[in-house]
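Protein chains in written order, with numbering that gives the first Met the number 0: chain G, 0 to 266; chain A, 0 to 358.
Just to be clear, a hint being listed does not mean it is correct.
Unchecked claim - Beta-carbon label-pair distances, calculated as ranges: (1) A:Ile-92 with G:Val-259: 26 to 32 Å; (2) G:Lys-13 with A:Asn-300: 25 to 31 Å; (3) A:Cys-256 with G:Lys-36: 47 to 53 Å; (4) G:Val-2 with A:Lys-163: 45 to 51 Å; (5) G:Arg-211 with A:Glu-94: 56 to 62 Å; (6) A:Glu-94 with G:Lys-75: 19 to 25 Å; (7) G:Val-2 with A:Lys-190: 18 to 24 Å; (8) A:Glu-13 with G:Val-2: 44 to 50 Å; (9) G:Val-259 with A:Glu-180: 16 to 22 Å.
Please keep in mind that the hints were generated in silico from the structure rather than gathered at the bench. Keep in mind the model is a prediction, meaning the values are calculated, not measured. Cβ coordinates follow ideal geometry from the N, Cα and C atoms, glycine included.
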Amino acid sequence: MSVPKDPFEFKTAKVMKVIREYDYVYTLYLESKERVKPGQYHMLYAFGRGEAPITIAGKTRGGFIHTIRAVGSVTKALVKLKEGDLIFYRGPFGNSWKLKEAFGKSLLFISGGLGLAATRFPYEEALRVGKFKKIIHLYGAKDSESLLYRYLYPLWSAKSDFRVVVEKTKGNRTLKVGLVTDLLKEAPLDENTMVFICGPEPMFKTCLEILRQKGVPDERIFLSLERHMKCSIGSCGHCMLGPYYVCKDGPIFPYSLIRVFHEEKEL
Amino acid sequence: MPAKKYKITPKGLENLFDLLSRNYNIVGPSVEKRLIKFKQVKSLDDIAFGFKSIEGAGFYNLERDNWWFSYNRPANTLKDFLHPGERFLTEIIKEDNEEKTFQVPRSPWQYCFFDIRSCDLQALFIMDKVFKKEPFYLDLRNRSLIIAVNCNHAMENCFCTITKTGPEIRKGFDLLLTEGEDYFLLEVGSKKGQILLDQVSDKRVPSRGELEDKNRRLRMLKGEMADKFNMENIAEKLLSRLNLTYWKEIEERCLSCGNCTSVCPTCFCYDILEKSSLSFAKTQRTIVWDSCFSPDFATINRFNIRGSLSSRYRHWILHKFVYSTLHFKRCSCVGCGRCITFCPAGIDIREEVLKVVSS
């Protein structure tokens, strides 16, 4: 058996800028020459606190973007980074969204809350490549204050069918009030539409029901799953969903593959 | 090429052991606090020869016996050495606000695992696949030598015939020992083993009768293990019983202590901890064993995926009998019975699986 390179060795990246999206959600721009694919994630390290798996939200000139919600000890330390700081990370890990398989077809992205961070990269990539029949993106947030990447909406709306909905509006009357599932119900879906979903579990479930009613088969629905990975190489056992290691077999799964295990409680 | 076979006397075994101790850190079963355990040993006297463990569900005792290798597998497993319960991974030092990392150097140990039984050897094959990306494990494993031993007896908790992981050892060893009347049959499994054996004096070619004797003994051994459950289509049967209602009953007995996972030779799950100095100038990343029975094993922030005990027990069983079959085409329960012996509630994995598949 040949001995591979140590998978626990860190790489370094320089923080180019940090911007606050809302509340305690921040976006980090990191300088790196790493080749990353949409859907993959990095293990970002905070000194003395540990690592957290964070999805790659997109590419930027000379690096990549991570959007982090500061809720645990690691993420709280990560968002305190300043321009010019060095950050340790491992990765990229995981598989990617199957954009190539969708060439010539229509795309539907459904994002809920912070889930937009996971769908942004494939969405922007799809807009850039432009080999799709139609691109629809439905995004739901909890209120008008908690909108992620609002500075990109004009651009996105111009290039595709991008719709936003909020559960509660705080003053902003121009926004539609409701749930992302309401948008989905009225969305016109082409035949052969590929669906990419990332969002909280209840949203997932309702979306799946509606999609099934609309006749979208499970093979064309792709989910980005969230688990707390510790090793990211499929040997620590923390991220298992049935027989799948979300860290290396995922985080993107066609729903047909995980359906049996996803429908069962606490698996 | 058929494995070369020799016959050595107890004196030849001593000779072999001396040769091993010159080049290797020998790990073998030894009696410690009335428990047979794998630990580093210096001489043949340290090996638990002439002892036999009497085991049951949640029960363990030692007895004297008149065979050399009369005991079965020890209480602990080889993962204590190849995937230790705690090991440093990286050290990060903060100097002038700059962080520097230091990878921990390779382990200096060169192990010879002496007296590995069929179940533990099969468990090693699983671990090899799980840790195929971890240099620490692979490096130690590549440099280690394996002296396997065929069992003489089966005890109450052995069930390797059911999981098809024994009792006969066929591959994966450097040398294989089988105890006879007043001799040991030695089979060579690798070049490393052959080189070693060439230096052993006092070896002879075994007679046909002596080779027959080995097979007869192994056949007898198979009969000693009770067929408590049938492994046929076990993965399919369990997969069709995923619903928690099949598993609820275990909550009344299982303590969720994780003893079973720490003595299991194929339980590999671990966590990575940070150990920081008080001044916060230095931090060590440490790998520690984790158990899927610990309540917060599958949490994402405050959300717990496997909150109920029955779901955690189900995950453990499914990982052994179903997921592992899907990953590696082999069941990762090797039938060593350690989880039965060391369960404080005396839960027998054979009975639990049987209950679920026949419900």
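Q) Which numbered hints turn out to be false for this structure? A) 1, 3, 4, 8 and 9
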